[in-house]
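Below, each chain spelled out in residue letters.
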Amino acid sequence: MTKTVEFGKDLTGLEGLSVDQISTILDVAEPFKEISERPIKKVPVLRGKTIVNLFYEPSTRTRVSFEFAEKRLSADTVNISGSGSSIVKGESLVDTARNLEAMRIDMVVIRHGSSGAARFLADRIPSNVINAGDGQHEHPTQGLLDMLTIRDHMGGIEGRRVCIVGDILHSRVARSNIYGLTKLGADVAVCGPPTLIPHGIEELGVQVFKRVEEAIEWAEVLNVLRLQLERMKAGYIPSLREYNRFFGISVARLEKAPRDILILHPGPMNRGVEIDSHVADGPHSVILRQVTNGVAIRMAVLYLLAGGSPERAEAAKMENRS
Amino acid sequence: MTKTVEFGKDLTGLEGLSVDQISTILDVAEPFKEISERPIKKVPVLRGKTIVNLFYEPSTRTRVSFEFAEKRLSADTVNISGSGSSIVKGESLVDTARNLEAMRIDMVVIRHGSSGAARFLADRIPSNVINAGDGQHEHPTQGLLDMLTIRDHMGGIEGRRVCIVGDILHSRVARSNIYGLTKLGADVAVCGPPTLIPHGIEELGVQVFKRVEEAIEWAEVLNVLRLQLERMKAGYIPSLREYNRFFGISVARLEKAPRDILILHPGPMNRGVEIDSHVADGPHSVILRQVTNGVAIRMAVLYLLAGGSPERAEAAKMENRS
Amino acid sequence: MTKTVEFGKDLTGLEGLSVDQISTILDVAEPFKEISERPIKKVPVLRGKTIVNLFYEPSTRTRVSFEFAEKRLSADTVNISGSGSSIVKGESLVDTARNLEAMRIDMVVIRHGSSGAARFLADRIPSNVINAGDGQHEHPTQGLLDMLTIRDHMGGIEGRRVCIVGDILHSRVARSNIYGLTKLGADVAVCGPPTLIPHGIEELGVQVFKRVEEAIEWAEVLNVLRLQLERMKAGYIPSLREYNRFFGISVARLEKAPRDILILHPGPMNRGVEIDSHVADGPHSVILRQVTNGVAIRMAVLYLLAGGSPERAEAAKMENRS
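Protein chains in written order, with our numbering: chain A, 63 to 384; chain B, 63 to 384; chain C, 63 to 384.
Warning: the hint list may mix true and false statements.
Because identical chains cannot be distinguished in the list, a pair is counted as satisfied if it fits within a single copy or across any two copies.
[Stated by the list, open to error] Listed below are the simulated DMTMM-like cross-link pairs for lysine to aspartate or glutamate, each with C-alpha atoms no more than 20 Å apart in a straight line:
hint	residue 1	residue 2
1	K95	D168
2	K71	D185
3	K95	E163
4	K318	D343
5	K95	E373
6	K71	E99
7	K318	E275
In case anyone wonders, no lab produced these hints; they're calculated from the structure.
Can you make the complete structure from the sequences, with help from the hints?
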């Protein structure tokens with residue numbers, strides 16, 4: 063853990079982070095893991111700070127993970143959700159943001175359907191902005207928790223062969239994984255139907271497998287993406303059955319691998335579509351570990367953006383007044 | 063209050079509880095009642111504990127009662143509601159539960175439309191699970207608060223004649239009342255239209271009155287159930303007016319009773335259907351007392367499942383740091 | 063700040079408040095402003111108090127402002143929203159209120175579509191009731207925050223010429239502004255299309271301008287109301303374009319004024335309809351300051367209704383245990 067690593071005001075994506083910044087977040091997450099294992103899961107690190115979880119798209123899982131992270135750091139949280147309807151009577155994102163800012167909030171966690179929404183917001187308000195997924199752009203805390211989970215189980219990230227399987231075209235999770243993993247020196251590949259692999263993806267430093275068998279032959283880690291069921295209607299894939307037949311991760315397929323393969327999935331799973339239950343619940347699945355690490359990663363990001371010192375994270379977790 | 067009473071991990075119903083366990087919950091609720099009467103309604107009993115209120119069916123009243131109980135015990139709470147839509151993008155209950163567990167929650171309060179959902183969940187996660195109503199199965203904290211209210215006003219439960227009036231067939235409240243009250247030695251009866259009385263209900267140790275006049279003649283306590291208005295559409299009753307005419311609890315009917323009858327209703331009421339306003343707001347109604355007792359019962363259940371000692375409940379309520 | 067000013071149980075409107083009461087709320091808001099500027103935005107003034115935000119109409123902005131005010135005073139808050147659907151299974155407002163009361167809440171903040179709902183509630187429960195907007199009646203905390211903002215920027219309210227522009231007929235904001243501002247000695251006018259000016263409004267002590275140019279010629283402050291877009295469908299105005307052409311506040315219009323005019327808007331804005339962006343974001347706009355003041359006003363109202371002493375507000379803000 064270097065002493066000189068500094069963080070900007072926001073976390074909108076992994077593309078713009080340095081290797082040191084990413085490593086520091088992963089390192090700082092380590093001491094925060096332990097807080098969630100205590101009988102009293104609370105430290106006063108963000109006491110009196112006001113955080114808004116501004117979710118234009120529904121995402122119970124990510125919202126709840128952030129909310130636990132915030133509450134375990136003793137922040138005051140307010141949820142704003144706009145599922146289905148306009149948030150503040152059709153107000154623009156920037157007016158909503160300025161209004162929240164005028165109420166003197168400290169941080170905004172934003173999930174939005176448009177790529178770039180988090181950056182747009184971050185440039186317009188002085189509060190810290192954390193991207194909880196923006197369109198098809200990035201979902202940086204998901205990328206970080208995936209990396210932390212890989213590091214936990216593989217002893218490191220550098221040189222590891224990680225293949226992301228599924229709908230790469232529409233996936234902000236894929237993008238954050240590619241940026242983060244390649245920066246830390248992993249060998250990254252993607253695999254999916256040709257309609258769901260973006261043209262020119264190789265320029266991001268990844269190789270492409272057309273057949274999942276090749277990916278399994280090569281990889282040490284598979285990060286299996288959720289197949290958005292609406293892709294079928296939109297004509298990207300012929301049917302869920304076809305998708306499962308050609309790209310579904312099954313025990314039979316994994317048994318042909320020359321080694322044990324670590325299985326990740328960002329959830330929620332479509333069991334029997336992109337992943338079979340025997341794999342999801344099997345001995346090499348770390349899917350629930352990802353969820354546990356997600357809370358620690360979010361605590362680390364909140365702590366660092368709030369100005370917490372990387373070196374003092376270990377000490378911060380020991381405080382327990384409030 | 064016996065010292066040897068132990069509680070399992072969960073509260074999914076009253077059917078499986080012992081007499082001692084039920085009595086202990088009622089006893090422990092007593093000291094917790096007083097907390098809600100204080101200027102500062104907060105004790106640090108569950109500080110740093112994480113509780114999820116997972117409501118697949120909408121129920122503002124029950125959710126709010128649990129939320130107050132949790133906050134008055136200083137727990138950190140997160141609400142997840144799935145009214146109308148799938149909760150986590152169509153994820154199964156067990157995947158949702160495992161994910162919450164992976165975030166290291168301490169307790170789940172679950173309301174679900176399927177009978178057995180609470181038990182299903184309780185068997186799959188190590189967190190404490192509290193059933194806040196599952197399908198037509200049980201609603202144990204409602205049963206307990208009804209019992210506490212009867213005990214408060216009648217000086218005890220044993221030997222008391224309690225008749226539950228209404229749609230027994232579909233009612234989880236009826237079921238939890240029957241299990242709890244019969245265990246504590248009450249004489250329990252049910253009364254309602256033949257279409258809404260389950261066959262073989264007598265095997266649970268209750269008698270059946272076909273006419274509400276007979277029930278009123280017999281009972282010391284009436285627990286009047288809410289008539290779900292959709293029952294009419296489904297053909298169980300001919301009309302609300304007919305229902306009111308034959309089973310509605312009115313002052314005129316109660317005046318023919320040989321004694322004052324204590325009136326309970328789990329709410330929300332359909333005034334003028336199953337109960338008339340003069341009864342609901344009358345001198346023998348303890349309907350609002352039930353609501354007050356509901357918070358105390360939920361505090362007691364949360365306290366006991368979290369490992370609180372029945373003997374120390376009186377002391378716990380005196381703590382007031384944090 | 064007089065020592066003898068007392069407050070009733072509720073704040074349902076500004077119509078019934080005395081000059082001293084209004085002045086005291088504005089004065090008490092002053093020390094509370096500073097709390098939101100601190101790194102740790104929390105004082106223990108309402109610790110252990112239970113507040114319900116009961117929003118029958120959606121209003122993210124007002125709800126969030128109250129929620130921040132409550133949390134910064136350390137209250138425990140529960141949100142109940144009934145957007146689109148009945149709140150507690152079609153229960154009446156009074157039954158909902160009695161139930162909340164039975165759970166021993168301390169305060170209710172209510173937003174409701176019917177004029178008089180807040181008063182109705184206030185008369186039926188012993189908890190403090192704060193009107194967060196009831197039909198076309200009043201929105202007193204909005205009126206107060208508007209007045210605080212005018213006072214901040216004009217050095218006082220007495221003798222200031224304030225014109226409210228827009229849909230006066232349907233606006234609870236207009237009504238609270240008129241009551242409050244006239245009590246404190248401002249000269250108040252209204253301006254809008256004849257269909258949207260209530261008959262006999264002059265009896266409230268305001269003058270009416272038919273043309274916005276006349277209003278701009280006269281006023282030192284413009285409070286520009288949101289045009290509810292549904293007014294067009296209902297035939298009150300021919301089109302948004304027409305409205306903007308005749309009543310929209312633009313830079314060109316303001317440049318013709320004999321003086322700088324302070325611009326207020328209660329939000330959310332329809333940019334390009336009732337107000338142009340260059341005005342909204344211009345040097346004389348205090349729209350975001352209104353939002354900031356809104357939190358302080360709500361803290362002051364919560365503090366005073368909870369029995370806080372006006373003289374001790376300055377001391378209260380210094381407390382920082384908890």
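Hint-by-hint comparison with the structure:
When the C-alpha separation of K95 and D168 is checked against a cutoff of 20 Å, the pair qualifies only between copies, where the shortest distance is 16 Å, while the shortest distance within a copy is 23 Å. Proximity of K71 to D185 under the C-alpha cut-off of 20 Å is restricted to the intra-copy arrangement: shortest distance 10 Å within a copy versus 44 Å between copies. When the C-alpha separation of K95 and E163 is checked against a cutoff of 20 Å, the pair qualifies only between copies, where the shortest distance is 14 Å, while the shortest distance within a copy is 31 Å. For a Cα distance limit of 20 Å, the shortest separation of K318 from D343 inside one copy, 19 Å, qualifies, whereas the shortest one across copies, 63 Å, does not.
Proximity of K95 to E373 under the C-alpha cut-off of 20 Å is restricted to the intra-copy arrangement: shortest distance 16 Å within a copy versus 34 Å between copies. Taking the shortest alpha-carbon separations for K71 and E99, only the inter-copy value of 18 Å comes in at or below 20 Å, while the best intra-copy value is 29 Å. For the identical chains of this complex, K318 and E275 are intra-copy neighbours only, at 8 Å inside a copy versus 74 Å across copies, given an alpha-carbon limit of 20 Å.
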